[in-house]
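Q: Letter by letter, the chains look like this.
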Amino acid sequence: MSIFTETEAKTILDKVVKLSKADECSAQLTGSIEGNVRYALNSVSTSGIVNNADLAVQVAFGKRIGTATINEFDDTSLEKVVRRAEELARLAPENPEFVPAIEKQNYKASDTYVEKTAAIGPDYRAQVAADCIEPCKKDKLVAAGFFTNNERVTAIANSKGNFGYQKSTGVDFTCTVRTDDGRGSGWVARNLGDVAKFDAKSDIKTAIQKAKGSADAKALEPGKYTVIMEPAASAGLISFMMFGFDARQADEGRSFLSKKGGGNKIGDKVFDERVNLYADPWDAQSSVVPWDEDGLPREKTPIVTKGVVDYLQYSRYWAQKQGKKAIGQPGNLIMTGGDKSTQDLIKGTKKGVLVTRTWYIRMVDPQTVLLTGLTRDGTFYIENGEIKYPIKNFRFNESPAIMLNNIEEIGKPVRVADDESPFVMMIPPLKIRDFTFSSLSDAV
Amino acid sequence: MDRRDFLKVTGVGLGTLMIPIYGRSVAAEVLTTKMDAAAKKKIADIALNAAKANGATYCDVRIGRYLRQFVITREDKVQNVVNTESSGVGIRVVANGTWGFAATSDMSADAIAKAAKQAISIAKANSRLQAEPVQLAPTKGVGEVSWATPIVKNAMEVPIKDKVDLLLGVNAAAMQAGASFIRSILFLVNEQKYFASTDGSYIDQDVHRIWAPMEVTAVDQKSGKFRTRDGLSSPRGMGFEYLDAKPQHKLALPGGAVVYSDSYDMKEDAIAAAKQAKEKLSAPSVKPGKYDLVLDPSHLWLTIHESVGHPTELDRVLGYEANYAGTSFATLDKWKSKNFKYGSDKVTIFADKTQPTTLGAVGYDDEGIKTQRWDLIKDGVLVNYQVIRDQAHILGLNSSQGCCYADSWSNVQFQRMANVSLSPGKDKLAPEEMIKNVENGIYIIGDGSFSIDQQRYNAQFGGQLFYEIKNGKVTQMIEDVAYQIRTPEFWNSCVAVCDDKDYRFGGSFFDGKGQPGQVSAVSHGSSTARFNGANVINTARSLG
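Chains as they are written, first to last, in numbering that gives the first Met the number 0: chain E, 0 to 443; chain G, 0 to 543.
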């Protein structure tokens, strides 16, 4: 059993809280079913299904904390996990930054569960692979991709009477299509809560078109270019920047949002005035569970409004110390935009570079959030509103804090995910001037 | 656990997390116990028999117990102590010429037999989409054998209090030396792995690893500038003796920086880190251009990892990783030509899963193949790749090189990087002598920022410490340095490698690959090496 009903979850969690002899007890029960299919060289390589369930119990004696988890849920196991957590708590040194368990909350449910997504089976997954492989085979192309779907349940409770329960579903799809001579490569990705909106047969066309269109790439000189970043291309940079939005790091003087002389940049205009970022657990297209890992309720939270920073993440300890209110850590990140598609942005561009996606992004200097990484799987030169020819991939060295000051135009946000990001994101295509490409890559 | 999960557990990401997210959290003493080999053999035989009875032509079973301990501190506080345990059984079969895999944490006979059957049904279902049947390189069963990391002190047996005292002592020393902040962590791993196959192998292995990373920050509030210096330790396949700080393992480098070989003085390095982080705040910014680079092994390991380790993985070369990590420029035609100059004559790079104290050292890989050493690049020429049993025939080999690994019982094993290392130079040469001949160069110590493209051509690397070399002398610390390479040009610009006295290891706990993602731990050895005419960029920017 891994997808617990609300009653089942509550019964388990109530027992745990009751069993604890510590000063306080918090528990989290999670369950998931994740199915996947992986294919490469136009053939399925691996596929599997993983059932998982875990109960994590955290107790405190004074300021001493102990945590234990278990994946069995009979009464003996529940007793065992509680005693183990208590034993660890007694051995642990006092944590001077200890914060008591949260009070009873009223969580407003968000719409994160779609029956049809939960019902996906191995046949559906095999069909996704087939829908990508078949057209590629016909076109002398080679498909390599991964499709995964999940159904999850999260339930939390504590000795102060708090309780929360919610189910969620999701699908994630990526496919790389290469020409059989290895000279062209294209890519497509989709991240959704509702599988009804997913159509592999249609999406694969994007990757096919980019693969065929990217062969015989020309080399442009590295330098500063006007770029059109597809949503997947800028998502990685923007998400990386969010590591600098920690209030404590900023207050301690080690973030790009630290203020010279002390303090942080809340209230300062840091980005172009068209930049608006916010979190909203109830957003129709990117909904997330309405509480964070501490059980704090998530709220609709403006993060950047008209270029001004209006939110940094305060942990409960740091909030208490600084006299601020701690709110739930965002689970999604939404950047507002207009109505234009990537195609519309291309149409309005005299000279520029279209970037399909970015790859291997790493921090070079946290002082300025300077990031490096590369373009991949479809980089094109734009002239007079049209894609003229494919170009070789570039390495960039650019800061999102600079990039979001060099905005020419913002398109319509779409839902994207990134392997290295904790957020579900709604990111628009962006037209940016003076984006810094520092060298060429021969990689296709 | 992937890198993102590690960032969550250690709280260096966006927020902090008190709940362990890998495996079950257990009491410290549970980490010192072991499962009985006879009990594991019994479980393995249930799976092997069930697989054979249901039509598998091959089956292997991995019974894994993965134990981890984290001790996480900052300044004068212990932020968290987490003990986790994850155990279960992974069963892999060949049926209808196709792989199938299933895993279960339930070690009852019924659950194991059921998982074996499930693996067979997955294999049969997928066989419809299989172009060619799996070809396994032949291997002889080794019977009942065992192997263990040759540790001196089992780190799991060291009391938590001693670990906490060590880290808080390290932190206090750094703060006293002028650090604004320090975070220090102990991360211990014990993989108790039992492998059995229908070839007649029953292999019991006990693998230990240790890592003691730290990050020291200096902040100048007046100017709003901050700089960090990470510890110069390396994760190792060792016990707690790695932290013994033996004087013979300490090396003072030209210019004054101190590095460590087979044991680590964490406190001394923390003090140096505090001073150097402060020095970085006012060090002059590099002038971009062409420089000769002198790369210390504490830095060079990562360049080897990215630009040689990954491109010589055969599954990448063939296209199996095309959708995620990418493919490789080191294509089969280059290998077949027998004259592709990957590097200069000075460059011999080998794969080795037997080198003691390394992260990749095991007796047998995760498909029961005895580990070994072989050349990948010989005197500059690409001569081989890294393969597992179902790939050996592609290179005309009649046996696997033993590179198969899974990061947990619940994940299927696949080709992972061996320790890949640069052979020391044959002629006597120390870093001091190497530097004497450099007119305009940069000496780089420690690993920093890293990024490489999906075919492993274009890479960019930073570091921890950068020193200017002028007319044969280390002159001053400089900052804002990163160098960009095109892999074959870079290795062909290698003009000298120091001798074996300078040979040291670096490595990573988190080499990511595959979908769903898996991590593996890998070491890379080298002596200091010189590369001429590298492109160095200046990474300083202004946010206005």
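Mixed in with the good hints there might be a few duds.
Which residues of chain E face chain G? A partial, calculated answer using Cβ under 8 Å [to be verified]:
id, residue
1, SER42
2, LEU90
3, THR173
4, LEU219
As a list, the in silico BS3-like pairs of lysine-lysine whose alpha-carbon atoms are at most 30 Å apart [said to hold, decoys possible]:
id, chain 1, residue 1, chain 2, residue 2
5, G, LYS224, E, LYS259
6, G, LYS274, E, LYS259
7, E, LYS391, G, LYS274
Hint data in this document are derived by calculation from the structure and do not stem from the laboratory. We treat Cβ as the ideally placed atom computed from N, Cα and C, and that holds for glycine.
Q: For every hint, state whether the structure bears it out.
A: Hint-by-hint comparison with the structure:
no.: 1; hint: SER42; in the structure: holds (5 Å)
no.: 2; hint: LEU90; in the structure: holds (6 Å)
no.: 3; hint: THR173; in the structure: holds (6 Å)
no.: 4; hint: LEU219; in the structure: violated (14 Å)
no.: 5; hint: G:LYS224 - E:LYS259; in the structure: holds (8 Å)
no.: 6; hint: G:LYS274 - E:LYS259; in the structure: holds (22 Å)
no.: 7; hint: E:LYS391 - G:LYS274; in the structure: violated (43 Å)
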